[in-house]
Structures are given as structure tokens and as C-alpha cells.
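Engineer: For the sequence shown, our numbering assigns the number 682 to the initial residue and increments by one for each residue that follows.
In short, the hints are calculated from the structure, not lab data. The beta carbon of each residue, even a glycine, is placed where N, CA and C say it ideally should be. A hint or two may mislead.
As the list claims (entries may be wrong) - Label-pair ranges, simulated between beta-carbon atoms:
#1 R724 <-> R744: 13 to 23 Å
#2 D691 <-> S721: 26 to 36 Å
#3 C694 <-> S723: 28 to 38 Å
#4 E699 <-> R722: 28 to 38 Å
What the hints assert, rightly or not - Capping the alpha-carbon separation at 20 Å, the derived lysine to any residue pairs in SDA-like fashion look like this:
#5 K750 <-> H733
#6 K750 <-> D702
#7 K748 <-> L689
#8 K748 <-> A710
#9 K730 <-> K750
#10 K730 <-> C761
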Amino acid sequence: MDVPTLYLVDIECAALPEAGDDGAVCMLAPGLYLVESGLSRSRLYHAWKRRHVPTRLLVAPLREAPKCKGMAPGALTWLCARGYR
């Protein structure tokens, strides 16, 4: 694994995604997640595609933590715990 990258993942699938060996996961809203992973965007995309068999999937790297409002409780704490401001 490389230095972790923060990704925004938008997914529609039957079961809620959870942390796996591909990174730490924080749900922002139903179907919208932050994932911190050492995997490349392509590897993370394919790992989530295989594991969750989604009907919709988007994986995008973020250069910095997103500005957000109205997200799930604990999202800001999750980001701060990983050194994002």
C-alpha cells in the first residue's frame, strides 16, 4: 500500500458498505462515503465493484477534506482523527 488517499465514493447497492482491507470508511449520507485508502483509484473502484455489486458507483480522489454540512454525525470527527482539517 502507498500513502493513504482520501476518496469520495458514491454508491447504490443492496447492503451498506463497511470497512474492509481496502481502507477506512465513513458514511456521510446514504450511498455517500469517504474512504481513506492506500489503493489506487482503479484498485479501490474494482474492489468496491466486486464486493458490493452496485447499480451505481463513483470513486473520486480528493486533494483535501471536503467542506460539508448536514452529513452523518461523526464525519468531521472521523476526518480530524486522520489529520484532515
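Engineer: State for each hint whether it applies.
Structural biologist: We went through each hint and held it up to the structure:
Checking the proposed 13 to 23 Å range against R724 and R744 shows it holds: the Cβ atoms sit about 19 Å from each other. For the pair D691 and S721, the supplied restraint of 26 to 36 Å is violated, since their beta-carbon distance comes to about 18 Å. At roughly 19 Å, the beta carbons of C694 and S723 sit outside the given window of 28 to 38 Å. A beta carbon spacing of about 20 Å between E699 and R722 contradicts the range 28 to 38 Å that was offered as a hint.
The straight-line distance between the Cα atoms of K750 and H733 is roughly 27 Å, outside the 20 Å bound, and the hint therefore fails. For the proposed pair K750 and D702, the alpha carbon gap of about 29 Å is over 20 Å, so the pair is violated. This hinted pair checks out: K748 and L689 have alpha carbons roughly 12 Å apart, not beyond 20 Å. Taken as a hint, the K748 and A710 pair is honoured in the structure, with Cα atoms around 14 Å apart against an allowance of 20 Å.
Of the supplied pair hints, the one linking K730 and K750 is violated, its CA atoms being roughly 28 Å apart against a limit of 20 Å. Simply put, K730 and C761 have alpha-carbon atoms about 28 Å apart, too far for the 20 Å limit, and the pair is violated.
This entry does not satisfy hints 2, 3, 4, 5, 6, 9 and 10, going by the numbered hints stated previously.
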